[in-house]
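Engineer: Sequences are here, hints too, so could you generate the full structure?
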Amino acid sequence: MLSKPTFKLIELYIYQSLATFEYITLLSIAGERMAAAIRRDLFQNVLKLDMEFFDRTKTGEIMDR
Numbered sequence: 140m141l142s143k144p145t146f147k148l149i150e151l152y153i154y155q156s157l158a159t160f161e162y163i164t165l166l167s168i169a170g171e172r173m174a175a176a177i178r179r180d181l182f183q184n185v186l187k188l189d190m191e192f193f194d195r196t197k198t199g200e201i202m203d204r
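So the number in our numbering is just where the residue sits in the sequence shown, counting from 1, plus 139.
If you're looking for bench data, these hints aren't it; they were derived computationally from the structure.
Treat the numbers as computed from the prediction; the structure is a model and nothing was measured.
Here a beta-carbon is modelled for each residue, glycine too, at the ideal position from N, C-alpha and C.
You may find that some hints are simply not true.
As the list claims (entries may be wrong) - Restraint ranges, calculated between C-beta atoms of paired labels, are given here: (1) 191 <-> 155: 23 to 29 Å; (2) 152 <-> 186: 49 to 55 Å; (3) 151 <-> 188: 54 to 60 Å; (4) 179 <-> 143: 49 to 55 Å; (5) 151 <-> 201: 48 to 54 Å.
Unchecked claim - Taking lysine to any residue and the SDA-like style, the derived pairs with C-alpha atoms no more than 20 Å apart in a straight line are: (6) 187 <-> 200; (7) 147 <-> 165; (8) 147 <-> 157; (9) 197 <-> 186; (10) 197 <-> 182; (11) 147 <-> 158; (12) 197 <-> 183; (13) 197 <-> 176; (14) 187 <-> 199; (15) 187 <-> 198; (16) 147 <-> 163; (17) 187 <-> 177; (18) 187 <-> 201; (19) 143 <-> 155; (20) 187 <-> 202; (21) 147 <-> 164; (22) 187 <-> 170; (23) 143 <-> 159; (24) 187 <-> 169; (25) 143 <-> 153; (26) 187 <-> 162; (27) 187 <-> 171.
Structural biologist: As structure tokens, this is what we get:
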């Protein structure tokens with residue numbers, strides 16, 4: 140039979156793994172939301188550019204930025 144400190148240690152490991160999972164999940168969600176906001180803002184700015192910009196700039200150069 141396992142002793143009480145062993146069960147306590149196992150309990151702490153389980154708690155730590157759940158906390159780590161939650162931390163990584165929340166960090167991933169926050170990162171994805173920030174990236175989506177940056178892409179949305181960039182697209183909105185591209186839509187506001189004059190047609191002259193698109194005449195001067197190659198499509199590949201626009202997509203590469």
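Engineer: Now look at each hint and say whether the structure bears it out.
Structural biologist: Now the hints, each set against the structure:
1. 191 <-> 155: 23 to 29 Å: violated, 58 Å
2. 152 <-> 186: 49 to 55 Å: Given a distance of about 51 Å, which is inside 49 to 55 Å, the answer is holds.
3. 151 <-> 188: 54 to 60 Å: Roughly 56 Å apart at Cβ, these two residues keep to the hinted range, so it holds.
4. 179 <-> 143: 49 to 55 Å: holds, 54 Å
5. 151 <-> 201: 48 to 54 Å: holds, 53 Å
6. 187 <-> 200: holds, 17 Å
7. 147 <-> 165: violated, 27 Å
8. 147 <-> 157: holds, 15 Å
9. 197 <-> 186: holds, 16 Å
10. 197 <-> 182: The hint holds at about 17 Å.
11. 147 <-> 158: holds, 16 Å
12. 197 <-> 183: Roughly 19 Å between the alpha carbons, so the hint for residue 197 and residue 183 holds.
13. 197 <-> 176: Violated, at roughly 25 Å.
14. 187 <-> 199: holds, 19 Å
15. 187 <-> 198: holds, 16 Å
16. 147 <-> 163: Violated, at roughly 24 Å.
17. 187 <-> 177: Roughly 16 Å separates the two Cα atoms, so the pair holds.
18. 187 <-> 201: Distance ~14 Å between residue 187 and residue 201 Cα, so the pair holds.
19. 143 <-> 155: At roughly 18 Å apart (the allowed maximum being 20 Å), residue 155 and residue 143 satisfy the hint.
20. 187 <-> 202: Holds, because 16 Å separates the two Cα atoms, which is no more than 20 Å.
21. 147 <-> 164: Given that 20 Å is the threshold and the Cα spacing comes to 26 Å, the pair is violated.
22. 187 <-> 170: Violated, because 26 Å separates the two Cα atoms, which is more than 20 Å.
23. 143 <-> 159: violated, 24 Å
24. 187 <-> 169: violated, 27 Å
25. 143 <-> 153: The hint holds at about 15 Å.
26. 187 <-> 162: violated, 38 Å
27. 187 <-> 171: Roughly 25 Å separates the two Cα atoms, so the pair is violated.
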